[in-house]
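Enquirer: Using the sequences and the accompanying hints, generate a full structural model.
Residue numbers (this note's numbering), protein chains in the order written: chain A, 588 to 758; chain B, 5 to 276.
Calculated directly from the structure, the hints in this document are not laboratory data.
Positions of the beta carbon are idealized from the N, C-alpha and C atoms, including for glycine.
Each hint should be verified, as a subset may be incorrect.
[To be verified] Under 7 Å between C-beta atoms, here's a sample of chain A residues computed to sit facing chain B: (1) Asn597; (2) Leu696; (3) His697; (4) Glu715; (5) Ala740; (6) Gln747.
[Said to hold, decoys possible] Sample of chain B residues lacking proximity to chain A, with all beta carbon distances greater than 10 Å (derived): (7) Ser12; (8) Ile78; (9) Ala117; (10) Pro118; (11) Glu125; (12) Ser148; (13) Thr169; (14) Thr213; (15) Thr219; (16) Thr232.
[Said to hold, decoys possible] Below are the DMTMM-like pairs computed for lysine to aspartate or glutamate, each with C-alpha atoms no more than 20 Å apart in a straight line: (17) A:Lys722 / B:Asp23; (18) B:Lys251 / B:Asp230; (19) A:Lys722 / B:Asp19; (20) A:Lys722 / B:Glu21.
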Amino acid sequence: MLPHLDAAYNLARWLLRNDADADDVTQEACVRAYRFFDSFHGGNAKTWLLTIVRHACYTWLKQHRAEKSTMPFDEQQHSSNGNEPDDGITPFSASPETLCLQDADRRLLHQCLEGLPLEFREALVLRELEGLSYKEISAVMEVPIGTVMSRLARGRGLLQQQLTGYSRQEA
Amino acid sequence: MDCRRALSLMHGYLDRELDLTTRFAVEQHLADCPTCREISQQQQALSAALGAQARYHRARPALAAGIRSALDVIDATSGTTMRQTPRWLSLAASVVFAAFIGSSITYWLAGTAPEELLAREVIASHVRAQMVAGRLTDISSSDSHTVKPWFNGKLDFAPPVLDLTTQGFPLVGGRLEYLTNRPVAALVYRHRQHLIQLYVWPAVDRPDTALHALTRQGYQVYYWSDATMHYWAISDLNAEALKSFCKLLQEHAAAGPVARATRGLPGPEDLS
Numbered sequence: 588m589l590p591h592l593d594a595a596y597n598l599a600r601w602l603l604r605n606d607a608d609a610d611d612v613t614q615e616a617c618v619r620a621y622r623f624f625d626s627f628h629g630g631n632a633k634t635w636l637l638t639i640v641r642h643a644c645y646t647w648l649k650q651h652r653a654e655k656s657t658m659p660f661d662e663q664q665h666s667s668n669g670n671e672p673d674d675g676i677t678p679f680s681a682s683p684e685t686l687c688l689q690d691a692d693r694r695l696l697h698q699c700l701e702g703l704p705l706e707f708r709e710a711l712v713l714r715e716l717e718g719l720s721y722k723e724i725s726a727v728m729e730v731p732i733g734t735v736m737s738r739l740a741r742g743r744g745l746l747q748q749q750l751t752g753y754s755r756q757e758a
Numbered sequence: 005m006d007c008r009r010a011l012s013l014m015h016g017y018l019d020r021e022l023d024l025t026t027r028f029a030v031e032q033h034l035a036d037c038p039t040c041r042e043i044s045q046q047q048q049a050l051s052a053a054l055g056a057q058a059r060y061h062r063a064r065p066a067l068a069a070g071i072r073s074a075l076d077v078i079d080a081t082s083g084t085t086m087r088q089t090p091r092w093l094s095l096a097a098s099v100v101f102a103a104f105i106g107s108s109i110t111y112w113l114a115g116t117a118p119e120e121l122l123a124r125e126v127i128a129s130h131v132r133a134q135m136v137a138g139r140l141t142d143i144s145s146s147d148s149h150t151v152k153p154w155f156n157g158k159l160d161f162a163p164p165v166l167d168l169t170t171q172g173f174p175l176v177g178g179r180l181e182y183l184t185n186r187p188v189a190a191l192v193y194r195h196r197q198h199l200i201q202l203y204v205w206p207a208v209d210r211p212d213t214a215l216h217a218l219t220r221q222g223y224q225v226y227y228w229s230d231a232t233m234h235y236w237a238i239s240d241l242n243a244e245a246l247k248s249f250c251k252l253l254q255e256h257a258a259a260g261p262v263a264r265a266t267r268g269l270p271g272p273e274d275l276s
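Expert: The structure is reproduced here in structure tokens:
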């Protein structure tokens, strides 16, 4: 029985964006984690495993210097108003062009999420795909809960901008 | 709540991570403000789309198999059985654990530290004595030469009764009390408006002369022993004042032959 293996792989796959790399890193991290299960002193086994996997992914990314945003985020280009202080909230105007996200193309959503900067991507994956609470995300990402909330806000804002941008291009 | 605050709390709200009060405040704002409501709906739709449509990458069976075989190799080479603990070991562990829990409970029920039990008795006595008028002292006098002899024939020891008026602790009186399954002397002193009760009884075992402090239910408790007696002092005084009172008693005991007062005989009158 290998508990939380899917969660571990899903996180690694979204962080590394490649099947083979995610396989390697997950295997290495999980072997280490399951083997040293002794060092786990109660608490949440899932966040414990995810923390280890996340560390392994970051180490891998550092070594391979592969982390480049496929869609580099340009603050100037994407900000509707350059003077506005960025509080992680997307300036949003309800317009007829507003994307109806329920119908969003799965591939597009996938592409935009993969294109997000690492710290926003991992927050969104842990929240939206893994369904972790802020507290659990804060444990995995090793940041305060307030930071979790602002990263989610920022990540969702960016994602929405990109989705809206793409749907405009296609229109 | 203004829009800026509502927007800053929006994601906590949508993720159901806000406390009830804040949640209601945001809800109220969304009901009142169409712009924020629109944004909230957008974000909600985005979350729903992510949850429903973004791919959840499941581990392939090959990955699980790879991890298993890697763990097996480790087990085989290191000779340890970290993952598959032998059945007898788990059984032994649970027996040990059960014994531990059992003994902890027994200890908790029966083996509460004797000082703790005694502290409860002392506090109860101190409180009860002040609840009923006239219960505090059997003999009321500020004269130690009146209080001390009063215990003759009532106790099988002569408690040291000191006159500490000049030091700010006038004597109020004394009474008989029953603690640790034996009659003891309860001496009542006063410091300003605060009562101090000093419980004294003979030491039978090796004395612990160190001064120990406890705080329970707002009362300060100090206890110590000397060669002949156990002493427990309790008061609603502050710790410092009560401590100085105890120090005075210790000094007196150390200074004179008083401390070696023979059990069962009245102490020498130079006691005071």
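Enquirer: Hints first: check each against the structure and report whether it holds.
Expert: Going through the hints against the structure:
1. Asn597: 5 Å, holds
2. Leu696: This hint holds: Leu696 of chain A lies near chain B, its Cβ roughly 5 Å from the closest one there, short of 7 Å.
3. His697: 6 Å, holds
4. Glu715: 4 Å, holds
5. Ala740: Holds. Min distance 4 Å.
6. Gln747: Nearest chain B Cβ about 6 Å off; hint holds.
7. Ser12: 6 Å, violated
8. Ile78: For Ile78 of chain B, whose nearest Cβ neighbour in chain A is about 6 Å away, the distance does not exceed 10 Å, so it is violated.
9. Ala117: Holds, because the least Cβ-Cβ distance between Ala117 of chain B and chain A comes to about 28 Å, which exceeds 10 Å.
10. Pro118: It holds; Pro118 of chain B is separated from chain A by about 33 Å at its closest Cβ, greater than 10 Å.
11. Glu125: 38 Å, holds
12. Ser148: 59 Å, holds
13. Thr169: 59 Å, holds
14. Thr213: At about 42 Å from chain A, Thr213 of chain B clears the 10 Å cut-off, so the statement holds.
15. Thr219: Holds, because the least Cβ-Cβ distance between Thr219 of chain B and chain A comes to about 32 Å, which exceeds 10 Å.
16. Thr232: 50 Å, holds
17. A:Lys722 / B:Asp23: 14 Å, holds
18. B:Lys251 / B:Asp230: With Cα atoms ~12 Å apart, Lys251 of chain B and Asp230 of chain B stay inside 20 Å; holds.
19. A:Lys722 / B:Asp19: 12 Å, holds
20. A:Lys722 / B:Glu21: Between Lys722 of chain A and Glu21 of chain B the Cα gap is close to 9 Å, so the pair holds against 20 Å.
In this structure, the hints that do not hold are numbers 7 and 8, in rising order.
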